[in-house]
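So the sequence lines, in the order shown, correspond to chains G and B. Note that the working numbering has the first sequence beginning at 1, numbered continuously upward. Note that the working numbering has the second sequence beginning at 438, numbered continuously upward.
It is possible that some hints are incorrect.
With a cut-off of at most 30 Å between alpha-carbon atoms, the simulated DSS-like pairs for lysine-lysine come out as follows [what the hints assert, rightly or not]:
{"no.": "1", "chain 1": "G", "residue 1": "Lys287", "chain 2": "B", "residue 2": "Lys473"}
{"no.": "2", "chain 1": "G", "residue 1": "Lys198", "chain 2": "B", "residue 2": "Lys642"}
{"no.": "3", "chain 1": "G", "residue 1": "Lys19", "chain 2": "G", "residue 2": "Lys156"}
{"no.": "4", "chain 1": "G", "residue 1": "Lys198", "chain 2": "B", "residue 2": "Lys654"}
{"no.": "5", "chain 1": "G", "residue 1": "Lys329", "chain 2": "B", "residue 2": "Lys598"}
{"no.": "6", "chain 1": "B", "residue 1": "Lys467", "chain 2": "G", "residue 2": "Lys329"}
{"no.": "7", "chain 1": "B", "residue 1": "Lys467", "chain 2": "G", "residue 2": "Lys19"}
{"no.": "8", "chain 1": "B", "residue 1": "Lys642", "chain 2": "B", "residue 2": "Lys654"}
Now the stretches of chain G that chain B is said to cover, found in silico as 3 or more residues with beta-carbon under 8 Å [said to hold, decoys possible]:
{"no.": "9", "stretch": "57-70"}
{"no.": "10", "stretch": "317-325"}
{"no.": "11", "stretch": "385-393"}
{"no.": "12", "stretch": "421-429"}
Derived CB-CB ranges, DEER-like [stated by the list, open to error]:
{"no.": "13", "chain 1": "G", "residue 1": "Arg275", "chain 2": "B", "residue 2": "Tyr480", "range": "48 to 54 Å"}
{"no.": "14", "chain 1": "G", "residue 1": "Val247", "chain 2": "B", "residue 2": "Phe664", "range": "24 to 30 Å"}
{"no.": "15", "chain 1": "B", "residue 1": "Ile444", "chain 2": "G", "residue 2": "Leu395", "range": "22 to 28 Å"}
{"no.": "16", "chain 1": "G", "residue 1": "Lys287", "chain 2": "B", "residue 2": "Ser554", "range": "42 to 48 Å"}
{"no.": "17", "chain 1": "G", "residue 1": "Ser270", "chain 2": "B", "residue 2": "Pro469", "range": "45 to 51 Å"}
Don't read these hints as lab results, they were simulated from the structure. Glycine included, each C-beta is placed from N, C-alpha and C at the ideal position.
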Amino acid sequence: MASLPITPAQRTLTSSALKLIGVGVDHRTAPIELRERVAYNPGQAEEMLSRLVATSEIAEACLLSTCNRTELYLKPHNEAAAYRTGLELVFLSRAPEIEEEGRFFVKRDLVAARHLLEVASGLQSMVLGEPEILGQVRQATGLAETVGASGTVLRKLLRTAVATGGRVRHETAIGSGAVSFGYAVVDLARNIFQHLDKCSVLILGAGETARQVARSLIERGAGELLVANRSPERAAAFLEVFPETHVVPFDERLEVLPRCDIVVASTGSSEPVLRAADVAAAMDRRKTRPLLLADLGVPRNVEAGAGEIGNVFLQDIDSLEDLISRNLKRRRQEVPRVQEILDYELAVFNEWHRGLAAEPVVALLQKRAEKIRRRELEAVRERLPAEVHDEVDRLTRSLVRKILHHPSHQLRRGNPLDAGKIGLVRALFQLDEDDEE
Amino acid sequence: MDTALRIASVLLPLLYLLVTVGYGFLFFAKRPAARKVAPPLFYATLALHLLYLVALAVRWHQFPMASVSQTLSAVAFAVALVYAFVEWHGREASTGFLMLLVASFLETLSALLRTPSPPDREIFHNPLFATHTGFALLHSTAFMVAATYGFLFLRLYHEIKRRRFSVFFGQLPPLEVLERMTSGALLVGFAALTGTMIAGAVWAKQEFEEPWLRDPKILMTFGIWLFYGVVLLLLRLRRLQGRQLALAALAGVVAILFSLLGVNLFLTEVHGFL
């Protein structure tokens, strides 16, 4: 049986009091064939979380499952046993070869916490900075809370991850610019037209690329969507996926062309489906309104001469790829800024966690002080006029609170591994006696 | 009043700077909060600037362009005023940074060059001449602003058309908006140019006995007015594409610069008093 592995590089960040295990499979460690076998839908994830926290070795658990990753985060009672149980239940039960081929990663303590923050920020995504992952982390957070699998520590960590992901997207350009053909078309359209919702779109072709572009346009609120395909069956299948579109017979594409602002051509035709003369005729009827032509076909679907016509913006697959690589480069330049934010948020989380370790001592200290206050107050109560009882009660409470404020704050901020300091506080204030009581 | 004017002359550059920073956040960082704060602050600054210029006119009993400082402030106001209209017309605030940076610079320079009292220039006491000059300043500024937006339009147009995407791509408003901002500035410019010509004609009739209609400056100005009129008419009839409008805005400014510099300096004596 393999023990919980730890690399030398992780050692520096594992000396904190945080006990956390992160086990996962992602696009870097495993091919799609393996990833899809360990993917969990929400129902399955809910059931698995319940099973995990029902075991004696796991205190808290969270399962994040997307098309590119399945990751399990555990707060253990017993580290080695929790790791083994988690690995077997979540991964090996579905794909035993994951362990044999070493197609998973294990991270511990703050390294695991940082990894989760990086995932939520899009740094670990296949497409750097992609936005969907933040929603998926948010969903996993909600699920763990609903099932009752996340406790104080994991709940705080997951919420920190969601907040950090949001902050990163708000304060940096990690998610800016299109990095897919679909969004590249949207990006270009937004540089030409003010209102995408008032734009009519004609999609020529009904294949995977056409669907990708249609999905992006619909997501960003494009107006009327028309689809024309040589095969009516494929057009009908397209309509099933995107019921908001209208099917136009392929032969009638030129008739609807003048009223379309964006045309996406992605057919398998070996001949151009739009000739320069067709576009010129349409532009005559469009008067001054510009036209965006996105030709995603190979061989090209739109005659190159169409790009020479005034107010026609013809983009082919090469230019869209140029745009995408330019945006990816810009996103990569943002990584150091994102790392700075993660450093800060992780430090805040770590400080909170350290304070958590001191919490029982702080509670005992407050309990002890309150006990003394009550006893002393009781001793003098009969000698004091009744009308000042409330006032004295308030005064003594305030005194105790103010005296304990600084020591409590220092204890919460201190290093939890510094057991001597906590022991000294316990001895000075005789807290162990109170604890026993 | 002098104390109030002194305070305003210091306050205005600071306000313009603040507004420019706000619009900068909108332009570079696309902060939604800046969209809520920067435009109202800008309109308040513009109103204060107008009050300041009116107060200057009242205080010195002449059009507030008698000194270099006053002229710079008036130009800054014209830039800001034209931009305010263009922002409203284009329903887009993201380019304010570029325009207000110019206004900020001019207003700061105006404050630095401020003298306790401007020279007394008799010609600026005449209300007709003041109107003529005010409109002239406004139309020149508006046409310059139109040319700037026209230039930005052409830059983005050619980037998309030639499929060569620079750092500007994604930073500027869409072509449709740039086109509307260009046409907005042209509208202000054309109206102000019309006002300039009418006020100038009435004033010149009072002042000069010699025939002045054949003066090259006047003919040139009339030609420019006709050119912009035709451009705006074609735009109204939807016969002018964005690129053509942008080129017209740039060509118009070249003609105005020629009229201001070339004709004024070498071919006319009518505007010799300038």
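Here's how the hints hold up against the structure:
no.: 1; hint: G:Lys287 to B:Lys473; result: violated, 36 Å
no.: 2; hint: G:Lys198 to B:Lys642; result: violated, 52 Å
no.: 3; hint: G:Lys19 to G:Lys156; result: holds, 14 Å
no.: 4; hint: G:Lys198 to B:Lys654; result: violated, 46 Å
no.: 5; hint: G:Lys329 to B:Lys598; result: holds, 22 Å
no.: 6; hint: B:Lys467 to G:Lys329; result: holds, 20 Å
no.: 7; hint: B:Lys467 to G:Lys19; result: violated, 40 Å
no.: 8; hint: B:Lys642 to B:Lys654; result: holds, 16 Å
no.: 9; hint: 57-70; result: violated (count 0)
no.: 10; hint: 317-325; result: holds (count 4)
no.: 11; hint: 385-393; result: violated (count 0)
no.: 12; hint: 421-429; result: violated (count 0)
no.: 13; hint: G:Arg275 to B:Tyr480: 48 to 54 Å; result: holds, 51 Å
no.: 14; hint: G:Val247 to B:Phe664: 24 to 30 Å; result: violated, 49 Å
no.: 15; hint: B:Ile444 to G:Leu395: 22 to 28 Å; result: violated, 51 Å
no.: 16; hint: G:Lys287 to B:Ser554: 42 to 48 Å; result: violated, 57 Å
no.: 17; hint: G:Ser270 to B:Pro469: 45 to 51 Å; result: holds, 48 Å
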